[in-house]
Structure formats: C-alpha cells, structure tokens
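Engineer: Heads up: the protein sequence lines correspond to chains A and B, in order. Residue 35 is where the first sequence starts when you use our numbering, and the numbers rise one by one after that. Residue 58 is where the second sequence starts when you use our numbering, and the numbers rise one by one after that.
It should be emphasised that the hints constitute simulated quantities derived from the structure, not laboratory data. Incorrect hints may appear among the rest.
[As the list claims (entries may be wrong)] Derived coverage of chain B by chain A (criterion: at least 3 residues anywhere in the stretch with Cβ under 8 Å from a Cβ of chain A; other residues may be distant):
id: 1; stretch: 197-208
id: 2; stretch: 217-226
id: 3; stretch: 229-242
Glycine included, each C-beta is placed from N, C-alpha and C at the ideal position.
One letter stands for each residue in the lines below.
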Amino acid sequence: MTRHGYSGIPRWVLAIAAAAALFVLLPLAAMVARVNWPQFIPLLTSEASLTALGLSLRTAAASTVLCVLLGVPLALVLARGDFPGQRLLRSFVLLPLVLPPVVGGIALLYTFGRQGLLGRSLEVAGIQIAFSTTAVVLAQTFVALPFLVVSLEGALRSAGSRYEAVAATLGARPTTVLRRVTVPLVLPGLASGAVLSFARSLGEFGATLTFAGSLQGVTRTLPLEIYLQRETDADAAVALSLLLVAVAVIVVGLSYRGPAAAGRRAGSSAGSGQVRG
Amino acid sequence: MSRLRKAAALLLAGALAAGTAACAAPAGGGGTDKNLTVFAAASLKAPFTALAGEFEASHPGTRVVLSFAGSADLATQLSQGAPADVFASADLKNMAKVADAGLVSGTPRDFASNVLAIAVPPANPAGIESFADLAKPGVKVVVCAAQVPCGAAAKSVQGKTGVALKPVSEESSVTDVLGKVTSGEADAGLVYVTDVRAAGSKVRGIPFPEAAAAVNHYPIAALKTSRNQELSDAFISLVTGAGGRKVLADAGFGSP
C-alpha cells in the first residue's frame with residue numbers, strides 16, 4: 035500500500051500482464067454475454083438444477099471435512115517429520131494435482147469398485163460404494179487433498195518450530211503442543227487450504243463421472259449436470275456454469291482475504307517480525 | 058533457483074511447441090484440396106476408419122482426416138465454425154440442427170441404423186436374459202441419460218414395453234455405460250448392438266426384440282464449408298454404396 039517502494043515495472047511487462055488478465059477474463063465475459071437473462075432464474079431453479087446444486091454443496095462440504103481430517107496429519111508429517119522416502123511420499127501425495135481427474139477416477143474404480151482391490155472386502159462387509167454419494171465424496175477428496183496438504187505444509191514451514199520447541203521445553207506434551215501452539219499458528223494456512231479444497235471438490239468432474247456415475251440426487255453434481263444439459267439445452271448449461279463461476283469467485287475471494295487478515299492478527303499477537311506492506 | 062528457471066523455460070517452450078503444432082495440424086477441413094475432413098459419430102469409429110483407408114487407396118494423394126465425438130458435440134462444433142467436409146450423425150436430430158444452421162449442402166442421406174442391446178459382464182452375475190430382467194430388484198443397470206440419443210432410445214423402449222427401469226446411473230455417453238459394464242461395476246447396461254460387437258469378449262451382448270421400438274437412423278451429408286464437393290460426394294457414395302454397406306454390416310449396423 036505504501037508509495038515508497040520500488041515499482042518500476044517495465045511497460046512491456048504491463049502489456050503482457052494485461053493480455054494475460056484478458057486471456058482469463060474474456061472467456062468468462064463471453065459466457066456472461068451468452069446468458070439468456072429472461073430465462074435465467076427459471077433455468078437455475080429447475081428441479082434438476084437445485085438438486086445438483088444441493089448435492090454439490092453437501093458433497094464438497096463432506097470432502098472438505100475429510101480433507102482436513104486426513105490432510106492435517108499428513109502435512110504435519112511432511113513438514114516436521116524426518117524419515118527416508120519423505121520426498122518421495124510428498125511427490126506421490128501431490129500427484130492428484132497434476133493427474134487428469136479421469137485417471138484418478140479409474141484408479142479409484144480399481145480400488146473401491148466392486149471388482150477392486152478393497153471393493154470385494156467392502157462388499158462382503160455389506161458396504162457398496164459404487165454409484166453412491168460416498169463415491170462422489172471419495173473422488174472429490176482424492177483430487178482436493180493435495181490442495182490442503184500443500185497450503186498447510188507451506189504454512190507449517192514458514193511458521194517454523196521455535197514456539198513449539200519453547201512449549202516442549204516448558205513441559206508440554208506433543209499433543210498439547212500440536213493443539214495449543216502449532217494449529218493456532220497455522221490456522222490461516224489451514225483455512226485457505228480448506229477453502230481451496232472445497233472449491234476443487236465443487237468443480238470435480240472427471241473422477242466423479244468415471245467412478246461414481248451420474249444419477250440425479252445421488253451422484254449427479256453440478257458439473258455433471260452442466261455437461262449433460264449441454265447436450266440439449268445450452269441455455270441451462272450456461273446459466274448453471276455462471277452459478278458455478280459465482281461460487282468459485284466467492285470461494286477464491288474468501289481464501290485470498292482470509293490468510294492476509296488472519297496473518298496480520300497472528301503476526302501481532304505472536305509478536306513475530308512480519309513485514310507489513 | 059536457476060534449475061527452477063530452466064525447468065520453467067523448458068515447460069513454456071514445450072507448451073508453445075504443442076500449441077503451434079496443434080494450430081498447424083488439420084486446421085483446414087476445407088483447407089488443401091487433397092484433405093477430406095469427416096466429422097463422424099463416435100459409434101462409427103471402426104467402420105469409418107476402415108472406409109477412410111479404402112477411400113485413400115482408391116483416391117491416391119487424398120488424406121481423410123477423421124474426427125470422432127458425440128453427435129451433439131460435433132453438431133455444436135460445426136455450428137461454431139469448425140471446418141469439415143462431411144458430417145455423419147448418429148441421429149436425425151443433430152443432423153437437423155446442422156441443416157437448420159444452413160451448413161448442409163444437398164439432402165442428408167440415411168446410410169445405417171442401430172438398435173439397443175443389453176450388455177452384461179461375461180459372467181453375467183445377475184443372470185440377465187431379457188429386457189424385463191433388467192427391472193428385477195437388486196439388478197444394477199446403467200443407461201444413458203434421456204438427453205443423449207441412446208438414452209432417448211432407452212426411454213422409448215421402456216415406454217413401449219411398460220417395463221420401468223430403476224437405473225443406478227444415467228451416463229452422458231454410451232461409452233460411459235459400456236465402461237461401467239466392462240469394469241464390472243454394473244450388472245447390465247443398455248448400449249447399441251454395435252458397441253457390444255466392438256467390445257469383443259469384454260462384454261456379453263443380449264439382443265432383445267423390444268429394441269425394434271427405437272431404431273436410430275444415421276444420416277450423412279456434405280457440408281457447405283467443404284472446398285472440395287466432388288471429393289465429399291465421392292466419400293458419401295462409398296459409405297452409402299455396397300462397399301460401405303458391407304463394412305457397416307460387419308460392425309453390426311443395420312440397413313438404413
């Protein structure tokens with residue numbers, strides 16, 4: 035916010051930056067221009083749309099909870115642990131970030147599917163995952179987990195372990211240190227990781243389609259509904275796409291404001307020498 | 058740091074190369090007069106690949122570029138200006154969409170038909186033998202959603218027979234239905250006869266007489282964007298002629 039700093043950005047950089055911003059914004063603007071406004075509300079409030087939206091919000095919330103439960107310990111181990119194969123483990127955990135989701139879906143199918151690695155035992159136990167909402171949540175968690183792990187691991191590394199060491203010398207047990215020192219310190223990172231996981235879950239398409247199928251109210255989330263509507267009703271597909279864009283904008287806005295505001299709070303209370311611009 | 062930069066530069070170079078290659082490739086459907094771009098429904102993949110080979114052999118110097126996708130996707134691409142010479146659709150509706158956009162030259166001609174069949178895993182775990190068996194409780198049956206042609210056909214068969222299915226999934230393409238059957242997730246799926254034929258030993262096909270209630274007709278037409286109408290017409294003659302008939306029949310397609 036200050037005007038003293040060096041801000042001599044070359045003009046050509048500005049020009050390319052403007053082109054880059056346009057590259058992202060123009061398609062969105064083009065989509066908005068295609069919206070059939072008189073029909074917009076009826077298209078959004080059709081039964082199929084509302085069911086898909088409700089299912090998407092519910093499954094994305096469940097996946098986010100699962101990501102936090104699984105991702106926090108994993109990030110801790112990756113950031114604080116010291117064991118052979120740690121770098122390898124990190125690479126594998128991050129794999130879903132770069133893997134095409136459809137590949138993730140196939141992998142999940144051969145794990146939890148009826149003929150899969152665990153699927154047979156699960157079916158004997160009376161648990162059927164294929165074609166259920168559980169399958170949707172599993173697919174979303176699979177693709178969203180790295181987002182939480184990456185954000186949290188970064189936060190853990192930049193927070194350092196000085197306070198934890200102090201707490202330990204004062205006699206706090208590891209679980210107490212984790213609960214009273216570590217987690218409060220990295221809460222902003224955890225929050226933005228959770229928001230990103232939620233956003234990624236909400237947009238999940240390929241893994242869900244491959245692994246969970248598509249049935250209204252059970253497995254057909256908003257992206258699948260958009261894909262299907264596109265076959266017959268382009269207006270409905272555009273209206274639903276805009277809805278998903280709006281949700282994504284809100285989510286990204288939250289995750290970028292969240293850490294900055296919370297970071298300032300954490301910085302002042304912990305008294306760390308953070309540079310504030 | 059410098060390693061990272063090098064990697065980034067490499068990545069960028071790769072992306073650029075891929076981008077320009079994609080641009081340079083078959084951008085011109087009506088481009089060079091020796092290229093023939095054919096947009097064809099995904100179910101036509103095997104017979105059209107064979108026919109394209111035949112066509113290239115009988116027209117030396119000509120290259121047939123085939124693009125397979127769902128008929129609705131292809132129709133959308135065409136109306137958004139994708140350059141192509143010939144369009145072969147898996148249903149009359151999407152051909153009509155392209156014709157309504159003023160893109161078809163001449164009249165579309167039906168060249169094949171297709172009916173539904175039941176596909177089950179080779180072991181047939183649910184013991185499916187007839188269409189009515191699909192409605193038995195506990196049978197996991199997968200169909201296409203009503204929005205896509207195979208789903209519309211499934212719906213009209215249900216209407217005609219009075220057998221109401223309770224599918225565990227309504228997929229957006231027939232390949233997704235087949236995938237759920239070949240992976241063993243579903244006990245049965247409603248696909249086309251030709252899909253069963255193409256899947257070989259991975260599924261068992263069960264034809265059912267009620268399928269005659271919903272026959273899909275495949276039309277083919279030359280497009281106005283074509284820069285070589287003669288070549289387009291020659292390809293259509295091959296598809297609709299005796300040679301085409303035989304290749305299509307081998308793939309399981311019925312007569313038009």
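Engineer: Each hint should be assessed against the structure and marked as holding or not.
Structural biologist: Checked hints:
no. : hint    : result
1   : 197-208 : holds (count 5)
2   : 217-226 : holds (count 3)
3   : 229-242 : holds (count 7)
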